[in-house]
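S.K.: Given next are the chains, with one letter for each unit.
Protein chains: 2
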Amino acid sequence: MKLYDGGRAPNPRRMRIFLAEKGIEVPLVPVDMAAMGHKSAAITALNPFQRLPILELDDGTVLTESVAISRYFEELYPEPPLFGRGAVGKAQVEMWNRRVELYLLAAVTAAFRHTHPAMVEWEIPQVPAWGEANRPKAVAYMKIMDDQLARNEFIAGREFSIADITLLVGIDFLKPAKIQIPEELVSLRRWHADISSRPSAKA
Amino acid sequence: MKLYDGGRAPNPRRMRIFLAEKGIEVPLVPVDMAAMGHKSAAITALNPFQRLPILELDDGTVLTESVAISRYFEELYPEPPLFGRGAVGKAQVEMWNRRVELYLLAAVTAAFRHTHPAMVEWEIPQVPAWGEANRPKAVAYMKIMDDQLARNEFIAGREFSIADITLLVGIDFLKPAKIQIPEELVSLRRWHADISSRPSAKA
Chain A
1 MKLYDGGRAP
11 NPRRMRIFLA
21 EKGIEVPLVP
31 VDMAAMGHKS
41 AAITALNPFQ
51 RLPILELDDG
61 TVLTESVAIS
71 RYFEELYPEP
81 PLFGRGAVGK
91 AQVEMWNRRV
101 ELYLLAAVTA
111 AFRHTHPAMV
121 EWEIPQVPAW
131 GEANRPKAVA
141 YMKIMDDQLA
151 RNEFIAGREF
161 SIADITLLVG
171 IDFLKPAKIQ
181 IPEELVSLRR
191 WHADISSRPS
201 AKA
Chain B
1 MKLYDGGRAP
11 NPRRMRIFLA
21 EKGIEVPLVP
31 VDMAAMGHKS
41 AAITALNPFQ
51 RLPILELDDG
61 TVLTESVAIS
71 RYFEELYPEP
81 PLFGRGAVGK
91 AQVEMWNRRV
101 ELYLLAAVTA
111 AFRHTHPAMV
121 EWEIPQVPAW
131 GEANRPKAVA
141 YMKIMDDQLA
151 RNEFIAGREF
161 SIADITLLVG
171 IDFLKPAKIQ
181 IPEELVSLRR
191 WHADISSRPS
201 AKA
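In the order they appear, the protein sequences are chains A and B. Start counting the first sequence at 1; every next residue gets the next number (my numbering). Start counting the second sequence at 1; every next residue gets the next number (my numbering).
Note that these hints are calculated values from the structure, not bench results. Where hints are given, some of them may not hold.
For chains that are exact copies, the list does not tell them apart, and a pair is met inside one copy or across any two.
[Stated by the list, open to error] List of simulated lysine-lysine pairs, DSS-like, C-alpha gap at most 27 angstroms:
hint, residue 1, residue 2
1, K143, K39
2, K22, K90
3, K143, K178
4, K22, K178
5, K39, K137
6, K202, K22
7, K2, K202
8, K39, K175
This is chain A alone, in the form it adopts within the complex (with noise of 0.2 angstroms):
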C-alpha cells in the first residue's frame, strides 16, 4: 500500500498522527500541494475531489478522507484504540471527532482560505466576508472545547483518541488563520502542551 501525503495541510497532518500514534508505518509519496500536485489528472483519477490524503492498497483500492482511512486501520490494527471503546465509548468519540471538525476545524479552515491572499487560487471564489465570520464562530468553538477539557483529560474523556488528533490540528492552524486562542481558556491551553509533548505531534 501507499499513502499519498500532502505536507502541513491540516488532513494529511491528521493522517500522519494517527498513523504514529498507531505505531503504523505506511509508505508515503508526497504530492506538492503548494505546486497545487493534488489537482493533477494522477490525483484526481484517484480522488475525483482532488483531495489527500489518499491510501492506495495493493490491490488497487483507492481510500480517501483521513477519517476514512484511519478507520480502515482501526479495524485491521485495533489497539491502542483512537476510536473508543464499547458503543457509549464509540458514539462519544465519534461525537467529540464531529464537533472538533465540523464546527471548530471549519471555521479555523473558512477564516484561513477565505481572508489569507495566499489562498486566492484555492478557494474559488474567495468570499472575505464568510472567512471574517468565521473568527468568532470559532472563538465559540474553543470556550465550549475549553469547558470539556476542565472536567476530562481528554477532549472525548478519559482517552486519548481521534478528536484529540482533530483538535490539535485545529488548534495549531489557528496561526495561519490569525485566531488566538483566548487567555482564559487554561484547560484548553492545558490540553494544547500535553498533546503538543506527544511523539506523534511531530509527524
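Following the hints, complete the assembly by docking chain B onto the known chain A.
M.R.: Here is chain B on its own, set in the frame of chain A:
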C-alpha cells in the same frame, strides 16, 4: 431513552430514517425548531452547540450528532449493517458518507441558509455571496455522485448504507435551496427514485 427530534430539518430526518431502516423505535421528544426551541436553555444544557437530534440515555448520558447516535445504535444492533462490513467496506461507507455530507450536503445547506430570507435569524451573519458560491459546488459534487451511481446501485457500493441516507436528505434539501439536479445526471435520478420509494424515506 429518548430522542429530541427537530422535525423536517436534515439532521433530525437522517436520524429517523436510520432508525426506521434498523427497525428501532425510540420515544421522540419534539422540539419546535421554527420557534427556536433548539436554542432554549433546556436544549442548550443538553447540547451546548444547540443542534438536534440529541439522544438522552436512561442513565443521563447525552449523545449528539446524528452520525454518532447512529453509530451507537449500529453497535447495539449490528443487523442490517448500515456502516459497512469489513475493514475496507467500513472505510468505503465512511468515505462516501463524508463526501456526501462534507461536500454536497454542506454546499446545499450553505446555499439555503445564506440566501433564504427565512434564515436571517438562523445564520448570523448571512453572507449571500457565500450562499451563491455554493450552488455551482453542489452541482459539481452531484456530477461526481452520478458517476459513482452509474457504476454502483448504492452510493457506497453494493449495499444500502448510512451514506445513502445522507445523500437522500441532501438531494431532498435541494428544493428549499433552489438548486436542481441537472437533467443529464440520470444515474443520480435513478438512485433518488429508488431510495425515495423505501418506506424509511417517509420517517
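S.K.: State whether the alpha carbon distance between K143 and K178 is at most 27 angstroms within one copy, between copies, both, or neither.
M.R.: Classified as within: same-chain Cα gap 17 angstroms, cross-chain 35 angstroms, threshold 27 angstroms.
S.K.: Tell me, please, which holds for K2 and K202 at an alpha-carbon limit of 27 angstroms: within, between, both or neither?
M.R.: within (20 angstroms within a copy, 43 angstroms between copies)
S.K.: Within a copy, between copies, both or neither: where do K39 and K137 come within 27 angstroms Cα-Cα?
M.R.: Between copies only: 16 angstroms across, 30 angstroms inside.
S.K.: Given identical chains, is K22 near K178, meaning Cα to Cα at most 27 angstroms, within a copy, between copies, both, or neither?
M.R.: neither (32 angstroms within a copy, 45 angstroms between copies)
S.K.: Checking an output row: K143 and K39, CA cutoff 27 angstroms. Within, between, both or neither?
M.R.: Between copies only: 17 angstroms across, 36 angstroms inside.
S.K.: First find the shortest C-alpha distance between K39 and K175 inside one copy, then the shortest across copies, and answer within, between, both or neither for a cut-off of 27 angstroms.
M.R.: within (26 angstroms within a copy, 31 angstroms between copies)
S.K.: As a check of your reading, is K202 near K22 (CA-CA no more than 27 angstroms) within one copy, between copies, both or neither?
M.R.: Answer is within; shortest intra-copy Cα gap is 14 angstroms, inter-copy 42 angstroms.
S.K.: Have a look at K22 and K90 and pick one of within, between, both or neither, based on CA distance no larger than 27 angstroms.
M.R.: both (17 angstroms within a copy, 19 angstroms between copies)
Against the hints set out earlier in the document, a violation occurs for number 4 only.
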